[in-house]
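Protein sequence lines correspond, in order, to chains A and B. Position one of the first sequence corresponds to residue 1 (the working numbering), numbered consecutively onward. Position one of the second sequence corresponds to residue 1 (the working numbering), numbered consecutively onward.
Just so you know, these hints were derived from the structure itself, not from any lab. Where is the CB? At the ideal position from N, CA and C, for every residue including glycine. Be careful, since some hints might not be right.
Stretch by stretch, here's where chain B covers chain A in the computed footprint (C-beta under 8 Å, at least three residues) [as the list claims (entries may be wrong)]:
| id | segment |
| --- | --- |
| 1 | 26-40 |
| 2 | 71-85 |
| 3 | 89-100 |
Using C-beta positions, here's what the derived DEER-type ranges look like [to be verified]:
| id | chain 1 | residue 1 | chain 2 | residue 2 | range |
| --- | --- | --- | --- | --- | --- |
| 4 | A | Leu34 | B | Leu116 | 16 to 26 Å |
| 5 | A | Arg55 | B | Ala106 | 51 to 61 Å |
| 6 | B | Thr104 | A | Arg105 | 28 to 38 Å |
| 7 | B | Leu11 | A | Arg26 | 23 to 33 Å |
Listed below are the residues making up each chain.
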Amino acid sequence: MPTRPLSPHLGVYKFTYTMVTSILNRITGLGLSLGLLLLVYWLAAVAAGERSYARALSLLSTPGVRIIYAAIVIAFCYHFSAGIRHLIWDTGRGLERSQARASARVVLAVSVLLMLLIGYWLWVGGARAP
Amino acid sequence: MSLRSPLGRVLGMGAAHEGVHHWWLQRLTSVALVPLSIWFVASLLLLPSLDYATVSAWMAHGSTTLLLLLLVLTAAWHSRLGVAVVVEDYVHGGLKTVTLVFFTFAHLLLAAAAVLAILRVALRGAT
Chain A
1 MPTRPLSPHL GVYKFTYTMV TSILNRITGL GLSLGLLLLV YWLAAVAAGE RSYARALSLL
61 STPGVRIIYA AIVIAFCYHF SAGIRHLIWD TGRGLERSQA RASARVVLAV SVLLMLLIGY
121 WLWVGGARAP
Chain B
1 MSLRSPLGRV LGMGAAHEGV HHWWLQRLTS VALVPLSIWF VASLLLLPSL DYATVSAWMA
61 HGSTTLLLLL LVLTAAWHSR LGVAVVVEDY VHGGLKTVTL VFFTFAHLLL AAAAVLAILR
121 VALRGAT
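Extracted from the complex, chain B is given alone in its bound form:
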C-alpha cells in the first residue's frame, strides 16, 4: 500500500526510489576510475612527446584504445551522476528538469564523440 496521495503521485512528489541505484553507480564508477585515472595520468606523463605521430600511435595501441574507451565512458557516467546531484541541490522548479535533461544529453554527446574519436584513430592504425 502506498501512503502517497494520488495528487502527490501525479506531481511526482516523494521518493522515486532511484536513490540507491544512483548511489551505487556513483560508487561503481568511482572505484573503476581509481585505476583508470592512474593509468591515464601515468601514461600521458610517460609519453615522450605530444606530437601527432606519438599520440596517434599511442591511441591506436590495442590496450590504450580499450582503456581509453573505458576511461571516457566511466568518467562521463560518473560526471553526469555528479553534475545531476549538484543540479538537484541548487536548481529548482521546472528549470531543474530542463537542466538535468541538458546535462544528460551533453554527457551522452561527449561520450559518443569520445568513442567515435578513439575508434577512428584505432581503426586507422598508427600513421
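Extracted from the complex, chain A is given alone in its bound form:
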C-alpha cells in the first residue's frame, strides 16, 4: 500500500460519550453476530431431533453460556436503540451536536430500560430459560 495522508488519528479528539455510543454500537453489533451463531445452533438442534436438542440444551444451559445470554440481551437492547437513533439521523434530524449528545443519553436510558424490561420478564416468568 502506498503511503497516503491519513485523517487525524482518533487520539487528537477529546473522548466524549457520543464516541462511546458510536463504538458501543459496533461492539454490540459484533456481539449480536455471535448471538446469531448461537441462534442458528439452537434452531439446528431443534431440527436434528429430540435427543440432539436435549444434548444441545444441556450445553446451552451451562453457567458460562448463561452469561453469554445476558451479554446478548444487553447487546441487543443497546444495538436496537442505537440503531433507531441512526435511522432517525438518516432522515436528517437530530444531527446538531447538542441534539446528538442528548440522544446519546436517551439511547443509554432506553437500552437500560429495555434490559430491565426483558430481565424482569425473564425473572418473573421463572427459570424457563434453558
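Use these hints to put chain B onto chain A, whose structure you have.
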C-alpha cells in the same frame, strides 16, 4: 470520462461505487429487523417452556416459520454488511480481501443452515 489512472483502475483503487448500495441495504435490513426482533424476543419470552415439544410446535406454526425465516435471513444480511464495515476499517492489505470473503461465506453458511433447520422443523410438523 474517468479521472482514474489506468494503473489505479487495475489495482482497484478509488471508489467502487458500491457505497450507496451497501448503505441502503444496511438501512433496509435494520428497518426490517425492528419489528422482526421485537416479535422474536417477545415470542421467546412468551413461550411457556423451552422443551423440545414446545419449541418444535412453535417453530412449525406457519407464521412462526415465515417470520423466523425472515428474521434469520435479514439478520444474517445485516450482520454480514456490518462485519464487512468493521473488517474494512481495521484489516488492511491482502488479508482484508481474505477476511471479507471468509465472513461472507460464513454468513451464507449460517443463513443456509438456519433456513434448512427452520424448514426441516416446519415440514416435519408439530410432534
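Status of each hint after checking the structure:
| no. | hint | verdict |
| --- | --- | --- |
| 1 | 26-40 | holds (count 9) |
| 2 | 71-85 | holds (count 4) |
| 3 | 89-100 | violated (count 1) |
| 4 | Leu34/A - Leu116/B: 16 to 26 Å | holds (20 Å) |
| 5 | Arg55/A - Ala106/B: 51 to 61 Å | violated (24 Å) |
| 6 | Thr104/B - Arg105/A: 28 to 38 Å | holds (36 Å) |
| 7 | Leu11/B - Arg26/A: 23 to 33 Å | holds (28 Å) |
Hint compliance for this structure: hints 3 and 5 are not met, and every other hint is.
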